[in-house]
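S.K.: Given next are the chains, with one letter for each unit.
4 protein chains.
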Amino acid sequence: MTKVAIVGASGYSGEELVRLLLNHPHAELVAVTSRQQAGQTVAQVFPKFASHPRARTLRFVEPNAELLARQAEVVFLALPHGVAAEFAVPLLNGGARVIDLSADFRLKSAAIYKEFYAHDHPAPELLAKSVYGLPEVHRAAIKGAQLIASPGCYPTSILLPTFPLLRAGLIKPQGIIADSMSGVSGAGRKAELDYLFVECNESVRPYGVPKHRHLSEIEEQLTLAAGTAVTIQFTPHLIPVNRGILTTLYLAPAKHFATADEAAALGAQIAVCYQAAYANEPFVRVLEGKALPDTKNVVGTNVLELAWRLDPRTGRLLVMSAEDNIVKGASGQAVQSFNVMCGFAETAGLF
Amino acid sequence: MTKVAIVGASGYSGEELVRLLLNHPHAELVAVTSRQQAGQTVAQVFPKFASHPRARTLRFVEPNAELLARQAEVVFLALPHGVAAEFAVPLLNGGARVIDLSADFRLKSAAIYKEFYAHDHPAPELLAKSVYGLPEVHRAAIKGAQLIASPGCYPTSILLPTFPLLRAGLIKPQGIIADSMSGVSGAGRKAELDYLFVECNESVRPYGVPKHRHLSEIEEQLTLAAGTAVTIQFTPHLIPVNRGILTTLYLAPAKHFATADEAAALGAQIAVCYQAAYANEPFVRVLEGKALPDTKNVVGTNVLELAWRLDPRTGRLLVMSAEDNIVKGASGQAVQSFNVMCGFAETAGLF
Amino acid sequence: MTKVAIVGASGYSGEELVRLLLNHPHAELVAVTSRQQAGQTVAQVFPKFASHPRARTLRFVEPNAELLARQAEVVFLALPHGVAAEFAVPLLNGGARVIDLSADFRLKSAAIYKEFYAHDHPAPELLAKSVYGLPEVHRAAIKGAQLIASPGCYPTSILLPTFPLLRAGLIKPQGIIADSMSGVSGAGRKAELDYLFVECNESVRPYGVPKHRHLSEIEEQLTLAAGTAVTIQFTPHLIPVNRGILTTLYLAPAKHFATADEAAALGAQIAVCYQAAYANEPFVRVLEGKALPDTKNVVGTNVLELAWRLDPRTGRLLVMSAEDNIVKGASGQAVQSFNVMCGFAETAGLF
Amino acid sequence: MTKVAIVGASGYSGEELVRLLLNHPHAELVAVTSRQQAGQTVAQVFPKFASHPRARTLRFVEPNAELLARQAEVVFLALPHGVAAEFAVPLLNGGARVIDLSADFRLKSAAIYKEFYAHDHPAPELLAKSVYGLPEVHRAAIKGAQLIASPGCYPTSILLPTFPLLRAGLIKPQGIIADSMSGVSGAGRKAELDYLFVECNESVRPYGVPKHRHLSEIEEQLTLAAGTAVTIQFTPHLIPVNRGILTTLYLAPAKHFATADEAAALGAQIAVCYQAAYANEPFVRVLEGKALPDTKNVVGTNVLELAWRLDPRTGRLLVMSAEDNIVKGASGQAVQSFNVMCGFAETAGLF
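Here the protein sequences come in this chain order: F, W, U and Z.
Sequential numbering from 1368 applies to the first sequence in the numbering used here.
Sequential numbering from 1368 applies to the second sequence in the numbering used here.
Sequential numbering from 1368 applies to the third sequence in the numbering used here.
Sequential numbering from 1368 applies to the fourth sequence in the numbering used here.
To be clear, the hints were calculated from the coordinates, so they are not data collected in a lab.
Keep in mind that the hints are not guaranteed to be accurate.
Here are the computed lysine-lysine pairs in the DSS-like style, where the Cα-Cα straight-line distance is at most 27 angstroms [said to hold, decoys possible]:
no., chain 1, residue 1, chain 2, residue 2
1, W, K1657, U, K1657
2, Z, K1415, W, K1557
3, F, K1539, W, K1557
4, W, K1578, W, K1475
5, U, K1539, Z, K1557
6, Z, K1657, U, K1578
7, U, K1557, F, K1415
8, Z, K1510, U, K1578
9, U, K1657, Z, K1557
10, Z, K1481, U, K1657
11, Z, K1657, U, K1481
12, W, K1578, F, K1539
13, W, K1657, U, K1415
14, F, K1657, W, K1481
15, F, K1557, U, K1415
16, Z, K1578, U, K1657
17, F, K1415, F, K1481
18, Z, K1557, W, K1415
19, F, K1539, W, K1415
20, Z, K1481, F, K1557
21, F, K1578, W, K1539
22, U, K1481, W, K1415
23, F, K1622, W, K1496
24, Z, K1539, U, K1539
25, F, K1657, W, K1657
26, U, K1622, Z, K1578
27, F, K1657, Z, K1557
Not everything, but these chain W residues come out facing chain Z in the computed CB check (under 8 angstroms) [claimed, not checked]:
no., residue
28, A1558
29, E1559
30, F1564
31, N1609
The structure presented is a predicted model; accordingly, all values stated were derived computationally and were not measured.
Think of the CB as a built atom: it goes at the ideal place given N, C-alpha and C, for glycine as much as any other residue.
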């Protein structure tokens, strides 16, 4: 059993980490921290976990990096950006491995970090060491990593559908449009008027237009895949569901198609490309036939599902993906990286 | 008082027409028809209207075109496509004016109708006579019309934001992408598993990809505006709200912009263009400052609100619109056309 | 036109008052106050009202009782309890009539106020002067009132169904149970974790058990109706809808019934009793036949609907009511009292 | 591994059985039947299970009792009442053990069955043999049973809170009131207008008043517990959540209490009673301190949580319970009985 701790465990990602790690066959949850909840048991803070014996004895404590580095082999950070990077330094110095769910270690450039997050990076020297925790893409690097930057929810929903196509040269790297809808848990457990039930229910609205922070990591990763600088268009919308992200991608095939034969030929290439990339991936499901993604089919799981359509009228390729923003988009993916990092079965604790 | 009737009044659009016409200062609702509800009062079928005296006496009847043409000066059709066109013929022959909420008279070409609706048009000779009932665009033609084809819900959310820009030549007519989210009332009051509460709640999903029927009327109208054949990309999604459509449009400005000065100059032109088009329109609200559309601000009203942003990173123009799919997207707009057609104040019964 | 003002207009009740009074045929809204929103127009704070010309010019101001008393003939208070009473004193001294939507003037006893609201009443000398603003019950007193205490949302849903039965002696005054479900707007527009979308959606929970504050005014009013001290059981629940209260009342008929004949005879008396009470009331709808209340049939209206059933198996009478907690349960009822107070048609601005 | 089959696996209870049995450590799912889905794989019908290898190979078949009795040791019936009893006969004759989720074998009296279900019982001779599958109450009898009648969703939410109190004589058996709210999945996966998203969302309504079918089994079981005939009042309401039942029970303590001391003494007895009944039950959680049940804390689990309050103002005891209507209220409980019946750990496959 690997000893693990969660820092900042009272938010939605933290709560999901608690659920996953309490039930993980190879992890022992030795500490959970939260300034507001310190002193309370996990069962008191999250009554839904009260049936788990460990939840009735494990108490939230104040975060203390030095102590945590001694107690735990792997520490998950579910903290706001900025705070996470500061907290990671003493943990790493103390010998713990760190899986950070914030945006702090996702970029290689401190300058771009500052452009998108509006403050200096607290630990720029760590940026080169961190590994972007998307196992389907960076599995080998995750294995030996000391510091993992777990991807954002929107980026996951955009990167997994586009990576194979870009690498295979099937789509043009420029002109990509990603239109996303997210459930309200994406905004975090924060007492703000905008996220009250009455403000979100019976409402749908765009936000963060046109320069959402997640663009920075999406473009860095796509640039990596394409081998050329990629700039994309990304529009997030808030919809009244608890969980789930649905992303519709508008892509330009590298090869022009106009006739039915050309479309069929291109379609065959796309099918092969996705097959090669994902047929053996436990957490990516490429839909077949008439099926289209639906968040209700992935909520509560670590699976991202996707479907694609060629549109002969416009010459575009549409790819649609669905995921649970808190599982594959956050805590589930972090546990998946944990499994890879520690050499466990990649699906351990995730099915 | 103008005598009006509603054919097919038991669906969501029909119900909203009942609400609007019961309270209209210049309309007398003389008949409502529904095969299933014949014999019942409006108050029995729609308890929410029971406080209105007329709702307690007016009874649903079986549809009878000849009789309706004698009883009513204007007949609203809230019937499925195909059925509506058949029903319109005897009404028009009987001297009634017709406002059809179905898709039957929205296109000029019977061939395109057949391509998108998969059956022969029942009354192709009427296509040339019908007027597309978008008052902000076709007000003059609506005035004298005998037959109005009230626009679809998605088309309204796409056409009003794009028309002024296309006419002014500010955007390229090609490459338009419209990504839309609709509430479940858009599917109609039909007993189908897909629209059960449990199937829609906590779910978001695309559908009708990539060739939704509404493309036909959207492209015909945009072609009219642009003076050149327009093909667009359109992806509808179903989200768990009762009412409301949010559309995000991805547009290419005709003029390239890169510097801040160029963006400011182009932005000024767009602002002037929308100001000229909509400053005096009672039912189009161009948002200012940081405000973005939110369906909760328009649900229950005949208003479409829109906001736009230039994205200097991608060179695109984003326009987002919000409307109530059953009001501005259907019954409210039909009443607006009714007002124009009859010479009433255009806002009569709609505020 | 009567000049009116709203103090504390940025909450849900305040917002609904703005809507109703902007469109009221006999009211001129001269001032709206809110500490947080001072300086902004009504259209900026509530984009949904932006189509109303007055909303684009009227600006929120800091509350100033002396000034308001000079500007407005009638002032609506949508403030928290405690604060409302303090604010009412200078308004009344300045000659304004006051309609208070808080709990501050609903009770006659300052001691019971303290028991339930946990602080001394700020203006106990006014308790004797205030009139409980339930027009269906206290219409005559409302006419001449200077100070109206508009009833709470739960109390309205309980009092209107029980008053006629208690007065007619058809039910026993003891043993009444009221089980209620409320939409989340009942909690107010407050940035608290408990009312976040994710905390309320897909959740139902009781709260305020067993001694909710509204018991104080419910019991005072029922005691008045029964002529004997009444204590009731009341359990509120929070459900994931924006608006609406559904109350199910468990009542003991004064007369025992066991046979079908006895049930029919008692049923006839109940029907006559409700008929006498409400047949001419524009805002109470007694359902007939198999119909049962449904909040969706009253949301957005000032109507309370109710239905009743005798249960021969248990000897009980069940009465179920539905209302919009923000309209008939708050702002609509306040406007109804305003109409009565000023001698306008009682339905003015409410249909 | 015990071979199991599910008959009628395309509804909500059937779907949940599929989920639980696919992942059960001691069960091998050998057959799933559905007339409409015959020929399709489980993965095609329920995309959310597509990651499970067995779901991609197991195909729905037409129901055939003789064949199923040979293939499976235990057969779960998720069929409508009436149909279930007919299907059970050949299964039992063929040697299979049967766990029926319908109401067909829950009552001992064919006459009461007919009174509540409006048709003759198809197999009255089996009523004496069936065991009511509430493990917390009938565990011993379940062990050896050939035929288990799994309890209804509402009955479970009412019986578990009341059984211990009735048996201990702490409450009077008469005058019990149960007020319940259920999510829409309780209505089943049926294409009916009443359960469309738009008809349920933003709505709350009572139904089945005052004589819901579940009364029959609730009263039979309570009569058993009390040793005297029990008649209760039960009012179900439909609320817009997918899953979850919240029941509030109004009970009369056998012993009158008025002073604080008497309340404390009675409270201690109740606490001891629940402690004795449920401290060792893995699926019943008695909340402590200020906590009240919330369906969101039990949805997706087989746990029922409850809390109680004495009300010194009225002399009543309130007990509130929350459960997932499809898990503890249906399929989870059926699997719990399956575990008991087969001698597995009672929690196998349920945590």
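S.K.: For each hint, tell me whether it holds in the structure or not.
M.R.: Now for the hints, and whether the structure bears them out:
A C-alpha spacing of about 50 angstroms is found between K1657 of chain W and K1657 of chain U, which places the hinted pair above 27 angstroms, so the restraint is violated. Between K1415 of chain Z and K1557 of chain W the CA atoms are separated by roughly 25 angstroms; this keeps the pair inside 27 angstroms, and the hint holds. At most 27 angstroms may separate the alpha-carbon atoms for a hinted pair to count; K1539 of chain F and K1557 of chain W exceed this at roughly 42 angstroms. For the suggested pair K1578 of chain W and K1475 of chain W, the alpha carbons sit about 19 angstroms apart, so the restraint of at most 27 angstroms is met.
Of the supplied pair hints, the one linking K1539 of chain U and K1557 of chain Z is violated, its CA atoms being roughly 42 angstroms apart against a limit of 27 angstroms. With a C-alpha separation of about 13 angstroms, the suggested pairing of K1657 of chain Z with K1578 of chain U holds against the 27 angstroms cut-off. Distance restraint check for K1557 of chain U and K1415 of chain F: the Cα-Cα separation of roughly 25 angstroms lies within the 27 angstroms cut-off, and the hinted pair is therefore satisfied. Among the hinted pairs, K1510 of chain Z with K1578 of chain U is inconsistent with the structure: their alpha-carbon atoms are about 44 angstroms apart, more than 27 angstroms.
For a cut-off of 27 angstroms, the pair hint linking K1657 of chain U to K1557 of chain Z stands: about 22 angstroms separates their Cα positions. Simply put, K1481 of chain Z and K1657 of chain U have alpha-carbon atoms about 23 angstroms apart, close enough for the 27 angstroms limit, and the pair holds. A C-alpha spacing of about 23 angstroms is found between K1657 of chain Z and K1481 of chain U, which places the hinted pair at or below 27 angstroms, so the restraint holds. A C-alpha spacing of about 23 angstroms is found between K1578 of chain W and K1539 of chain F, which places the hinted pair at or below 27 angstroms, so the restraint holds.
At roughly 15 angstroms between alpha-carbon atoms, K1657 of chain W and K1415 of chain U fall within 27 angstroms of each other, so this suggested pair holds. A threshold of 27 angstroms between alpha carbons decides the hint, and for K1657 of chain F with K1481 of chain W the separation of about 23 angstroms falls inside it, so the pair holds. About 25 angstroms separates the Cα atoms of K1557 of chain F and K1415 of chain U, which keeps this hinted pair within 27 angstroms; it holds. Of the pairs offered as hints, the one joining K1578 of chain Z and K1657 of chain U holds, with about 13 angstroms between alpha carbons and a cut-off of 27 angstroms not exceeded.
This hinted pair does not check out: K1415 of chain F and K1481 of chain F have alpha carbons roughly 39 angstroms apart, beyond 27 angstroms. Only pairs whose Cα atoms come within 27 angstroms are accepted, and K1557 of chain Z paired with K1415 of chain W is accepted, the gap being roughly 25 angstroms. Note on K1539 of chain F and K1415 of chain W: the hinted pairing is violated, with a Cα-Cα distance of about 54 angstroms set against a maximum of 27 angstroms. This hinted pair does not check out: K1481 of chain Z and K1557 of chain F have alpha carbons roughly 54 angstroms apart, beyond 27 angstroms.
A hinted pair counts as satisfied when its Cα atoms are at most 27 angstroms apart, and K1578 of chain F with K1539 of chain W qualifies at roughly 23 angstroms. With a C-alpha separation of about 40 angstroms, the suggested pairing of K1481 of chain U with K1415 of chain W is violated against the 27 angstroms cut-off. Straight-line distance between C-alpha atoms of K1622 of chain F and K1496 of chain W comes to about 43 angstroms, which puts the hinted pair past the 27 angstroms bound. Proposed proximity of K1539 of chain Z and K1539 of chain U is supported: the alpha carbons are some 21 angstroms apart, at most 27 angstroms.
Only pairs whose Cα atoms come within 27 angstroms are accepted, and K1657 of chain F paired with K1657 of chain W is rejected, the gap being roughly 40 angstroms. A threshold of 27 angstroms between alpha carbons decides the hint, and for K1622 of chain U with K1578 of chain Z the separation of about 21 angstroms falls inside it, so the pair holds. Taken as a hint, the K1657 of chain F and K1557 of chain Z pair is honoured in the structure, with Cα atoms around 23 angstroms apart against an allowance of 27 angstroms. A least Cβ separation of about 4 angstroms between A1558 of chain W and chain Z falls short of the 8 angstroms threshold, and the interface hint therefore holds.
A distance limit of 8 angstroms between C-beta atoms decides the matter here; for E1559 of chain W the minimum to chain Z is near 6 angstroms, and the interface restraint holds. Checking F1564 of chain W against chain Z: minimum C-beta separation of about 4 angstroms stays under 8 angstroms; hint holds. Restraint check, N1609 of chain W versus chain Z: the minimum CB separation of about 5 angstroms is within 8 angstroms; hint holds.
Checked against the numbered hints listed earlier, the structure breaks hints 1, 3, 5, 8, 17, 19, 20, 22, 23 and 25; every other hint is satisfied.
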